[in-house]
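Q: So the protein sequences, as listed, match chains A and B. Each residue of the first sequence is one higher than the one before, starting from 58 at the first, in our numbering. Each residue of the second sequence is one higher than the one before, starting from 212 at the first, in our numbering.
Be a bit skeptical, because a hint or two may be false.
As the list claims (entries may be wrong) - Now the in silico label distances, taken between C-beta atoms and shown as ranges:
1) B/520 with A/108: 56 to 64 Å
2) A/185 with B/213: 31 to 39 Å
3) A/108 with B/648: 44 to 52 Å
4) A/106 with B/470: 17 to 25 Å
5) B/516 with A/150: 28 to 36 Å
6) B/639 with A/108: 54 to 62 Å
7) A/115 with B/433: 57 to 65 Å
Quick caveat, the hints were computed from the structure, so don't treat them as lab data. Predicted model only: the values in this text are computed from it and were never measured. Every residue gets a Cβ at the ideal spot worked out from N, C-alpha and C, and that includes glycine.
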Amino acid sequence: MTSGYRLLDHTADFGLEITAENPAALFSQAARALFDLICGPLSADGGRRHRVEIAGTDWSDLLVNWLRELLYFWGGQQQLICNVAIDAIGPTRLQATVTTVDYDPRRHEISNEIKAVTYHQADVVCAPGGWLARVVLDV
Amino acid sequence: MELKRLDDYRWQVGPFGAMRVPGIVYGGAGMLDPSGQGEALQQVANVATLPGIVKAALAMPDMHWGYGFPIGGVAAFDWQNGVVSPGGVGYDINCGVRLAATDLHRDDAGHRARDLVDGLYGGIPCGVGSTGALKLSKQELKKVLTRGSRWALERGFGREDDINRTEDSGCLSGADPGVLSERAMGRGINQLGTLGSGNHFLEVGVVDKIYHEQAAHAFGLFEGQITVMIHSGSRGLGYQVCDDFLAFMTRHVKSLGIDLPDRQLACARIQSDEGRRYLSAMACAANYAYANRQLMLHHCRDIFEQVLHISPGALNMRLVVDVCHNIAKKEKHVVDGQPRWVCVHRKGATRAFGPGHPALSDDYKAVGQPILIPGDMGTASYVLAGTQKAMEETFGSTCHGAGRVLSRTAAKKKSRGRSIGRELEDKGILVRWTGRFTMAEEMPEAYKDVSEVVAVVHGAGISKKVARLRPMAVVKG
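Just chain A, with the same shape it has in the complex (with noise of 0.2 Å):
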């Protein structure tokens, strides 16, 4: 399965389906669509580095967690993700090491302000062929 992700159509917000070979390939994508979403992709020169340990009761609630812990850098931090590395990963535990520069308005472009990462139809499923989830982001 190739690794990537698509728009979902959804009237109010946004729908993403993330396809990838394995479930750290799955949520590191899953991570670069959310960022593409909000800002699109970023250079990690000077970016600062952070380890990242999120729990989930099943794998996606994992993804929920994961993509819920990254926005934070950016609603919470004004940080914006421009690279991530998975660790470790199994279905309810996952270690990663997150890049973030300094949202800086005059060189950062934000294309969409995602509030929230939903539960609604969240799903991750090993699929034949390969990984693919689904996720709600609330905008």
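Assemble chain B onto chain A, guided by the hints.
A: What follows is chain B alone, placed relative to chain A:
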């Protein structure tokens, strides 16, 4: 999904499967025909499965697909045996609208619309992550969270009569900042007095039609009058409260043995520590939103006076009403012929209490509460009045806006190659905005026709038309 038509304006969904009560959807023809809105109807059916729900899961004619609850959804849960659901309130807790009237006539100030919109755009922070001129200490923030609009008034940001024209007098009781996370508190420190982004707006309008003279008189509205409308909410603090409690309740609800059709409907018993903690946190966010809109109204007064070089007395910018449309409240309603305390969730729906209700200010008791229904930025907005029929049918609730009909992606596609700002200016509506895609996503075609939505609630009798406002100048985030 199979729908049963009940009358000209109402359709019934179920009950089937795990639904405890039927769903009742208000609608009409064309875009307002609910039969074409499968996802939203499924959400109505899902809400009807929640414990303690009474009478029916309702949806207003501006219903559209949300997450958990549909947008435009109303549901009431028994106060003793029912649940409260953060997803049934939404992320932007106490997102709401306020309308201020002035003594200015279109002929006095219409020609200064460009100066006004530039003044408002420059004077009121808007856009993604916008922060205000106020940076609160933690202690001061706690006062905002417990006192709401009253806090703003005590700091000189308002008039005494602003308070009694705000829903709940601008302060929900039971707010305890101690239940908020550090993250929620941190996000509230520097966003007070800011508009935000997305569909939030500040609009200078003109009353262009009066439908109900007595109610318009009671609300202080007349034809040709300049008005100001503000649509905003509890900003990052509210999102964080919802996010924190949803994450907690998705785990908590499993311990209650409640089987949810959608995790976003995660909930807690109202009569539990968990339920009480959420309601307390929600009240904090609601009070922040009231204070937020109060501050912006105060700044609007200053900006109008400066731009037009007039005195506060000549401007006389007075609050008509402030209503919230994302909230859960303890209210008494008649259910199965008996008065009963319930927790009414309104997610994208507005309170519409009828004449004589004790919660209304004396000015409005004879005609019912004023209700604000903003449309898209190129069409119109409406002022309605609450009715007794709303008390009987919808837990005193009505619609909250036009309701989206195009997804954001579809709206961007439709706007390609067009200048929405120029199109609106050609219609005499000046717009200032900050977001890269704001104009495309918020273009008039992205919304249902607000006049049709209002015609449904008026025809169904759950509110009545009082006045129509036309936009002159709009500030968007």
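Q: If you check the beta carbons of residue 185 of chain A and residue 213 of chain B, does the distance land in 31 to 39 Å?
A: holds (34 Å)
Q: Do the Cβ positions of residue 516 of chain B and residue 150 of chain A conform to the proposed distance bound of 28 to 36 Å?
A: Hint violated: Cβ distance 58 Å, outside 28 to 36 Å.
Q: Is 57 to 65 Å a correct range for the gap between the Cβ atoms of residue 115 of chain A and residue 433 of chain B?
A: Holds, since residue 115 of chain A and residue 433 of chain B (Cβ atoms, about 59 Å apart) stay within the stated range.
Q: Between residue 520 of chain B and residue 108 of chain A, does the beta-carbon spacing fit 56 to 64 Å?
A: For residue 108 of chain A against residue 520 of chain B, whose Cβ atoms are near 58 Å apart, the range 56 to 64 Å holds.
Q: Is 44 to 52 Å right for how far apart the beta carbons of residue 108 of chain A and residue 648 of chain B are?
A: violated (34 Å)
Q: Could you say whether the range 17 to 25 Å given as a hint is met by the Cβ separation of residue 106 of chain A and residue 470 of chain B?
A: Violated, since residue 106 of chain A and residue 470 of chain B (Cβ atoms, about 42 Å apart) do not stay within the stated range.
Q: For the pair residue 639 of chain B and residue 108 of chain A, does the Cβ-Cβ distance stay inside 54 to 62 Å?
A: holds (56 Å)
Checked against the numbered hints listed earlier, the structure breaks hints 3, 4 and 5; every other hint is satisfied.
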